[in-house]
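*Asks:* Single-letter residue listing:
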Amino acid sequence: MSDYTSNRNGEQVTSQNLTPVTASGQNLNAIDAPNVNNPEHVAHHIVSPVMYLSIFGVLMIGTLATVGFAYVPLGRLNAPVAIAIACTKAVFVVLFFMHVKYSSRLVKLTVASGFFTFLILVFMSLSDYVSRAWGQW
Amino acid sequence: MSVSTTISELTHPPSPEVEHSTGVHDHPFYQKHHFETAEQQREAASFGMWLFLLTEIMFFGGLFMAYLLYRNWYYDAFVAASNTISMPLGLINTIVLISSSFTMAMAVWSAEVRNKKFLQISLLATVVLGFAFLGIKTGEYSDKFREHHVPGAAFDIRDFTTPPAGSKEKPLPIDVAEKTQIFFSLYFAMTGVHAVHMIIGIAILIVLLWKSNSGAYTSGYVQPIENFGLYWHFVDIVWIFLFPLLYLINRH
Amino acid sequence: MSTIVSLPDQSTATLPKRNYLNNEHGLMSWLLTGDHKRIAMLYLVSITFFFFLGGFFAGMIRLELLTPAGDLMAADTYNKMFTMHGIVMIFLFLVPSVPATLGNFLIPIMIGAKDLAFPKINLLSWYLYMIGGTFVLASLVLGGVDTGWTFTTPLSTHYLNTHVITTATAIFIAGFSSIFTGLNFIVTVHRMRAPGMTWFKMPLFVWSNYAAAIMMVLGTPVLAIAITLVALERLVGIGVFDPAKGGDPLLFQHLFWFYSHPAVYIMILPGFGVISEVISTFSRKRVFGYTAVAFSSVAIALFGFFVWAHHMFIMGVSNYSVLVFSLLTMLVAVPSAIKIFNWSFTLQKGSVTFETPMLYAFGFIGLFTIGGLTGVFLGSLGMDIHLTETYFIVAHFHFVMVGGMLMAFLAGVHFWWPKMTGRMYPESVSKLAAIITFIGFILTFFPQFVVGYLGMPRRYHAYPAEFQVLNVLSTAGATVLGVGYLLPLLYLGWSLKYGAIAGNNPWQATGLEWQIQSPPLTENFLVTPIVEQEAYDYEWLARKTAREAQHVA
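Chains as they are written, first to last, in my numbering: chain A, 1 to 137; chain B, 1 to 252; chain C, 1 to 553.
Everything labelled a hint here was simulated from the structure, so no lab data went into it.
Every residue, glycine too, gets a C-beta built ideally from N, C-alpha and C.
Be aware that a few hints might be false.
What the hints assert, rightly or not - Which chain B residues stay away from chain C? Per the calculated CB distances, all over 12 Å, these:
1) His34
2) Gln41
3) Ala45
4) Glu56
5) Ile57
6) Tyr74
7) Ile121
8) Leu124
9) Pro151
10) Gln181
11) Gly192
12) Trp210
13) His252
Said to hold, decoys possible - Derived lysine-lysine pairs resembling BS3-like cross-links, with alpha carbons at most 27 Å apart:
14) B:Lys211 - C:Lys431
15) C:Lys497 - C:Lys17
16) B:Lys168 - C:Lys544
17) C:Lys544 - C:Lys201
18) C:Lys17 - C:Lys349
19) B:Lys211 - B:Lys117
20) C:Lys285 - C:Lys17
21) C:Lys201 - C:Lys349
22) B:Lys144 - B:Lys211
23) C:Lys120 - C:Lys285
24) B:Lys170 - C:Lys544
25) C:Lys120 - A:Lys108
26) C:Lys349 - C:Lys285
27) C:Lys349 - C:Lys245
28) C:Lys544 - B:Lys137
29) B:Lys116 - B:Lys137
30) C:Lys120 - C:Lys349
31) C:Lys201 - A:Lys108
32) C:Lys17 - B:Lys144
33) B:Lys144 - B:Lys117
34) C:Lys497 - C:Lys544
As the list claims (entries may be wrong) - Just a few of them, taken from the derived set where beta-carbon distance is under 8 Å, the chain B residues facing chain C:
35) Leu51
36) Leu54
37) Gly166
38) Ala189
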């Protein structure tokens, strides 16, 4: 359903219409195929407004859920729940608002490496702080 | 293949008609001379933007690391300090920011389907929501200044050692109460850096809005809108984490 | 039509009529250029300036240490000297040295692209570098900064009234210049390769710069936030690193070294790339174990993020994490050793010739090996406690940075000088300079290993009289070293006008950059090259040369 959508005039607009064409209507990608012919290449994908709207809904529900859970005494679980909800929301934003779901493997790898490096920073630093005072954390 | 060196400037995108009428080269008007295809250029730009966001992850990452450490060290102080910032305002701001992310996503879609009017409406809505966020944030900041909760010389722990009448908070011992300053240091550093990103974002948005008048972004040149969208959504994600971490540590 | 015409005899070579240097004229054509080669030249001029500025501070330090008493300058002036030396050399010379000059110039050509992916961001990166440099100069003029280049808290936040904020701003801005260079390289390597230029056909110079670029992008922002928090602490009194307010000063060091240890690899990895090119060319042999060398660069980039706390062993890090970080530190030695061994095997049974770049490369291998091995000493916990904060450390990182990186930089500048300017440098003088540099270097820094092991602490302007002999040796060596560095400046400048015309491929090297005219055209290639040969394929080069000789005849 999200593969194509229509523009104001009711015409079907697909990603095909957006490939660069020459003045004579020839597809440029076909001419210069060697240069874009690599495994990292993924066709441009248009995410539909319906999809955006449903993600927006998910984010709103997530926001209300965070606030709701914050007022429920869960003991030690409060923080993990809040982080889990925030992570879920972030994943939705990254995948759909930021089109990563429809992007090349390279972009997916880039996003993953960012979070991986952040986790190195956190875990390796905390390994120091936690082991400075065993059991007191 | 033609090796014409016409460089379409990002700053002054020439109108498509002019480019097509010359007929000397077969590239879309926005394609730079050193790219073989517009597709290659689009992918390079989007990949470059993601790499920039990677640096942003690490930039905020340092702050989140500091937060994680001190929240564990000074949990009681963090709870007390967190409860003095306004949850409703934070919630409203979260909703405002997520909405602005949605309007930004719609702007990207409008550019993709080449709908200039809706693109401009979406961008304008994003600007307005961005300003709304900053306005509410300013209100929150000024409350903190009034309450002497801003770290520095004027910082005052009285609200935590002797909570004002009507507060549900228990009074904190002085050494614990002093640690609330760490919370507010992080609060201002994190929301401040986030707000700086918002301000930069709004400035770029206004430029995009102004330039979209020429129709440049609605004739196939989606890249600037799309890349700015990535930035804006990233700033939104940061807030998605900041909201529970700063406002909702222990509300019950 | 084709630019790929290699003239058979260098003596008949002429300077090409049209090239990137004479394509446009005037100051503005340089200041507003988008051409990666011109930006590289801008960088080359500016980092040379900052290198000699940093060298001046080094000279002052050595002069002070000539005598045991602190008689040349006051203690805090001395502190400012070594701080400015460190800041200028690290942030304004070593980090941008090879990537921003040689990398900028060569990476697009080596992979067959017309330019880097984002020419404007490339230019912006140079402007940010210059603004950062200006801030450093400003802090110098205003009275300097004396925190040491590490900005250690709470010294930098509470106990000093020098220009910490100005310098922090400088580093913040220069950091963004580095980020943008790295970002540009990564995108270029991924997206701009010519048809047929697969990952394993890329020259190793591209691989190592790519690995360094990853670290620039991931590491630098952490330094930016750490330094921002220091500036905020001084400016408005937030307390993230302030023990009086409950902050942890060690957190600053965690964040700082999270960048600054990888920064060591940011500095050295591009140097590795230069050495791979030079060794292969002057041995007329493909680099032994190409794949291993390529992956070892990436491995260093990865491991580099796991070892930072070995800078903090005596700072109060927990004993358990010291164990972990000490062990991980040893891991980095593995990919570094892979490189050294593979270069040695490349030399074996190669047709080795001793042109100037090769002399520098030999210097690199010897000195970097010593520097690297002493790094393993320092990474092991017991030794480190004895040697930290002594001159042993100073000698270690100067062996890696000056003996390694600077040698590699000079090797690269000499190697690609004909390509960048179209003219040869004078061979005999440059050989002399290479030898002087090597001797001067050993004389300067080897005594520091000894004096450090004997217990002379770093960062003091006075020392016990028993250390004087070694310090005099060191200062004498620094003088020789100074001559060794001034010579290239003079004869390279001279060669711009009077050097012999180089021709396309004076070294008969295999890289794509040697198959085009020197200096190159603004657009590098008139026709997008289609790459079929492997990297370092000397048989392919011989066949190609023979074909072209016939064609010309």
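*Asks:* Determine which of the earlier numbered hints do not hold for this structure and return their numbers in increasing order.
*Replies:* Hints 1, 2, 3, 4, 5, 6, 9, 10, 11, 14, 16, 18, 20, 22, 23, 24, 27, 28, 29, 30, 32, 33, 34 and 37 contradicted; others consistent.
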